[in-house]
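S.K.: So the chains spell out like this:
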Amino acid sequence: MLFCAILAGFSLHAQDRYFTKTGHIDFFSSTPIEDIKAANDQVTSFLDIRTGEMVFSVLMRSFTFDKALMQEHFNENYVESDKFPKASFEGKIMGPGKIQWDKPGAVTVTVKGKLTIHGVSREIEESGTFTVEAGKISGKSVFKLKPEDYGILIPQIMRKNIAEQMTITVLMYYLPYKK
Amino acid sequence: MKARFRILIGVAILVLAVGTGTWLYVFRKDTTDMVRAKTDFRIGAADLYREFESGEQPATEKYGSKVLEINGQVISIEKNEWGNVTVTFVDPMFGVTCTIDSLQAIGQAGLIGEINAGDSATLKGRCDGMLTDVKIVKCVIVK
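So the sequences go chain by chain: P and Z. So the first sequence is numbered by our numbering: it starts at 1 and just counts up by one. So the second sequence is numbered by our numbering: it starts at 1 and just counts up by one.
Hints are all accurate, no fakes.
Which stretches of chain P does chain Z cover? Using the computed rule of at least three CB atoms under 8 Å from a CB of chain Z, they are:
hint: 1; stretch: 16 to 27
hint: 2; stretch: 37 to 49
hint: 3; stretch: 57 to 68
Note that these hints are calculated values from the structure, not bench results. Given the structure is predicted, the values throughout are model-derived calculations rather than measurements. From the three backbone atoms N, C-alpha and C, an ideal C-beta is built for every residue, glycine too.
Same shape as in the complex, but just chain Z (with noise of 0.2 Å):
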């Protein structure tokens, strides 16, 4: 009886695990912690345009869904419609934009109040590609 009672419990902890894992794994939310995220690469903002001008395809293949480190001179720093944050460098049309979320920028907004156009900043995200600026988004301040 006892052995039967402990087995009906093994059981029923396994379903209840394998449940929650299941349910997590369907409805988990897209809560990217950037923060804690492992880099993928670090590169400085002229050199990861430059690579992806000289080849879009490679490095798409190379840096995209990746989580990467970018440093450099600020352009801009500018809250947009949507109340995302844009961090751009090396150039307003053709350069590199990162993209702080509005819930992240909440949470950032003593760090972002501190980079002003000119300065040097770092920033973490994860790479999506090209257009005539690379994205990088999901973004949060590393210093």
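Looking at chain P on its own, in the form it has when it is part of the complex (with noise of 0.2 Å):
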């Protein structure tokens, strides 16, 4: 629902539309008794370079831990998968005229929007940089998140095992969208 939504608000260009369906988001807690880490390479992702118009989501499930614990602990006790199956961002590049998308090279960028996790939506304003290189866009972005910002709340046994902060580091390879 959320991409039809963004989609029919997407430019009528549809050179300027780019997706992926394999984006990869990790985040990564690392404390002096262990570090934790989980990559999904699931994420579905819609990029208009012209007016800048970002939106991504991912399904909570597709994160995939090291050890199989883990990944039961995060899918149940912390971040409910059933009940809040997915997570999202919808958002916007500032200034997406100064970006030259058809020229190689890379240039950092600001974006800003909504970011939902846990059914609990903040504004959130992070730096990223996209990289034009034979004719293909890339992103990339790392910046910290709190669970607790999100409703997830990590029981007093845990904290000493799970950090404040995560790093949550976003990479997505764009391909022309030409539905």
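Given two chains presented individually in distinct reference frames, assemble the corresponding complex, making use of the accompanying hints.
M.R.: Shown next as structure tokens:
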């Protein structure tokens, strides 16, 4: 539904739209006791290079951990994947007109928008880099996020194992959207 | 003395068994063997997509985290930027996408090489839900 609404509002010029169904998002938590990392290579994202609109959506169940027990706890106790199966971001690149999308190179941008995780939406503003190479567009951003800000409560007994802030890495390789 | 020794050995074996079980439970890797996993549902890709499209929430409750065997006509088969192989059914954007992990893809390279767009194929994997497409992950090729 989110994508249908977003696509309907996207630029009418098909050549301005890019997408991926295999984007990557991972999060990393580091404490003296243990490091925890989970990755998801099933992220769907759309980018409109004319308006700068961006949307991401992920299924929480698709995050893969090294340890199966961690994955169970993540889905059942922390993000409650049955109740809140998806996380999403809807936002805009600030000043997309300044980016020369048809020329090779990398440019750092600011992206603002609404991030929804665990049913909680918050406005965020983060920086990221778009790279244009051989006609292909990729985007990368690394930022911090506090689970508590999204109503994900860490029990006191696990507080020493899970960092207060997670490092989130987003990496997308976009393809032209031809629909 | 002999009885005490036997009890001691028994306790040692019990402690070892419980310890090993706990260690395996806590530290086991996610090594879901999809080849041997019990199939919960067998369904055509078009029917599965239709069910999600007409009611995403009930379909997610029915199929989420379940092992599905999906069959249908392959729209595309390609290796993505992470080395995973994606097999798409129904529609490139609004269909069913089955992902074979990079390591599994190495093991099934022969079978993967036999599948081309337009062929009929059956894959087994875990259903994670729907974005624009229905996502089936940790897949293996059945035929």
